[in-house]
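Number of protein chains: 2
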Amino acid sequence: MLKVNSDYCKLPGSYLFSEIARIVSDFAAAHPEVDIIRMGIGDVTQPLCEPAIRAIHEAAERLSRAETFRGYGPEQGHRFLREAIAEGDYRSRGIDVSPDEIFISDGAKSDIGNIGDIISADARVAVTDPVYPVYVDTSVMAGRAGTLGPDGRWSRLVYIPVTEDNGFVPRLPEEKVDVIYLCYPNNPTGTTLTRAQLQPWVDYCRQHGSLLIFDAAYEAYVTSADVPRSIYELPGAREVAIEFRSFSKTAGFTGLRLGYTVMPHTLVGLECDGNPVSLHRLWLRRQTTKFNGASYVSQCAGAALYTPEGRKSVADGVNYYLENARLLRESISASGLKVWGGVDSPYLWVKTPDGLTSREFFTQLLHRHGIVTTPGAGFGPSGEGYVRLTAFNTRENTIRAAARMAENVK
Amino acid sequence: MLKVNSDYCKLPGSYLFSEIARIVSDFAAAHPEVDIIRMGIGDVTQPLCEPAIRAIHEAAERLSRAETFRGYGPEQGHRFLREAIAEGDYRSRGIDVSPDEIFISDGAKSDIGNIGDIISADARVAVTDPVYPVYVDTSVMAGRAGTLGPDGRWSRLVYIPVTEDNGFVPRLPEEKVDVIYLCYPNNPTGTTLTRAQLQPWVDYCRQHGSLLIFDAAYEAYVTSADVPRSIYELPGAREVAIEFRSFSKTAGFTGLRLGYTVMPHTLVGLECDGNPVSLHRLWLRRQTTKFNGASYVSQCAGAALYTPEGRKSVADGVNYYLENARLLRESISASGLKVWGGVDSPYLWVKTPDGLTSREFFTQLLHRHGIVTTPGAGFGPSGEGYVRLTAFNTRENTIRAAARMAENVK
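Taken in sequence, the protein lines are chains A and B. Going by my numbering, the first sequence opens with residue 1074, and the numbers climb by one from there. Going by my numbering, the second sequence opens with residue 1074, and the numbers climb by one from there.
To be clear, the hints were calculated from the coordinates, so they are not data collected in a lab. All values derive from a computational prediction rather than experimental measurement. Do not take every clue at face value.
Remember, identical chains collapse to one label, so a pair may be satisfied in a single copy or spanning two.
Below, simulated DSBU-like cross-link-like pairs (lysine-lysine); rule was C-alpha separation at most 35 Å, straight line [unchecked claim]: (1) Lys1249 with Lys1076; (2) Lys1411 with Lys1385; (3) Lys1249 with Lys1083; (4) Lys1424 with Lys1411; (5) Lys1424 with Lys1249.
Pulled out of the complex, with its shape left as it was, chain A reads as follows:
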């Protein structure tokens, strides 16, 4: 019989997030009278902005006529979008990124999952803890994680705690690692690092020849002047970092599927024969072989976000969720709970009261207030003792959830 990838067998059978979904759905079925407000997952609620909608209609029109029909685009993405991104997200902000260094994807999750393809199987990987589970799970699938211990830690992964104890500022790994995943503004904690706090990570990678996999999916939420929106704002980052971005949380493209990856020409790895090789070249080969580009319609919608009207719409949408985050943060804080994030981020990270576990507090919030959160333990061992709330609901639901959270301590 066919042998399967033995690394897949190591993944735990039950995925916390699907278990949570089941618990919520069972609760909803058992208590139809409860008005449940879902603040657990990171999906948006606001409709697409007018410029994106118009771009979809126009793309459909072009696809409907032979003279303007577009078939296969370049696997790397249409040039019109790559140029808009390079100018709009980088060059206009004084950051050196060329259109050729941008790879359009169907969303950051795909590329973050697939990037491991081009890296040596024995690379030593570091992740912050708590962490977006995709970094860990894809490391497991690629055989880089070792075995799962009873403490919830994988033997070959290096965990970098990010908790109240260190003020949510991770410390550099003490040993040498080959790959470091960082997500800032952070999912799940909603915290950020300043330029000064991020620079040592870039320097560490330059010193050790490590690769920095920088997930900037939430960069649009940055409002603080000392927090970078791109890793390439930092000197030396072009030699060590790949940056992943998404239109999902920026412009509500969760259903439309569009993101991009920046792979600077200056990134170099070592071939088995010891010769240097461009990571850009390997990724291009990976993408041309296993991917056929993102939808033309989605790419047209994405390009529309870089027009003056599109920029304003994106800013309005981000501000809508930032205001939700502010409302949540204030009411949670007023209720006496400790809360982080929600300033330069759509995520809030709340400490459980009375020594409750994250699962217990999750259950309490669901049963008492009908509010769905995500237990922090689902994001890693150091997520225990916290729950995550997202600001992606409607204003109305957010106000109601904030009021219920404020009730919690009374």
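Use these hints to put chain B onto chain A, whose structure you have.
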């Protein structure tokens, strides 16, 4: 410095298809007076059908209003599309496939490239020769191909010739292999296998516990009654085969990006501990971890193809290209050249005259007639001595190309 995936280093630096593209573009620049007709690549030319266009506009409308907005869909695809496919492509034809067994993708190339993720790294792989290069290249990237020999063959791959010598009917491998890639109707040869000719492959896989990776991207072109459109028409196939399908060549979705993979619940592999494991479960885990679903807009357009009007449009589109194929086939045949395919397929496979190599004949056709083909050698060692033409051009260009081909021998 970071070590890269050493299997990527094995891939030959220059990819024949990009080299061909460069040759054609150089020729075009040097001979602006030549009216070049491109019959080399498999991209479509006809606009999207009216039902698909309408569905895109309607999807955009829904995404523009909060009440009807859709964010993340299930990674496996929206249920409305999976049900339409299960009913339209399988159950209505008496084939047992359930919506739960269907995974919507952003195109067959992605899933065919990624399917290797769930298979053991040391699996022994067989491919027909000539072959769609993605099967070989992704096997190389996964470390299953061994080393490239001077004869253009990878040491660990089993090559199954499909040539004039065996009437384009491949023989079963003599040794035991774990994975077999088959594409029927075939790319690049345009030939097909009857149910009776395919059944031994299913039986072989059942006998040896092998996995059949069946690429049915061109099934819509089947018109002959004894040629199956799905591998699951054959008894036993549900125990051994994964089927990949695409809307690219069926409905012109090359730019829209939509396909699907059928993963029957009855497919079982062996875990490292020797226990059986459902491949469906592993693939679901792969997709939920590394993919976030195809674009909602594309999925709506796909569902529209299963309405009565959509079905008619798809049939009309396929018939348009089949008529192109017939015209090409007749003129090539009349010119005295040997040709295969083009009956149940949009591809034609032409034997080079006078013992020319495929590159020489490619060059001759480009220089004498301004017709771009693809040299068969690009598809594998047994592709030498043939060129491929596609029927995806416009009727007008096809008629002109057919006339020029007929000129060839005069």
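So, going through the hints one by one against the coordinates:
no. : hint                 : verdict
1   : Lys1249 with Lys1076 : both (34 Å within a copy, 14 Å between copies)
2   : Lys1411 with Lys1385 : within (33 Å within a copy, 61 Å between copies)
3   : Lys1249 with Lys1083 : both (25 Å within a copy, 28 Å between copies)
4   : Lys1424 with Lys1411 : within (5 Å within a copy, 75 Å between copies)
5   : Lys1424 with Lys1249 : within (32 Å within a copy, 57 Å between copies)
In summary, this structure violates none of the numbered hints.
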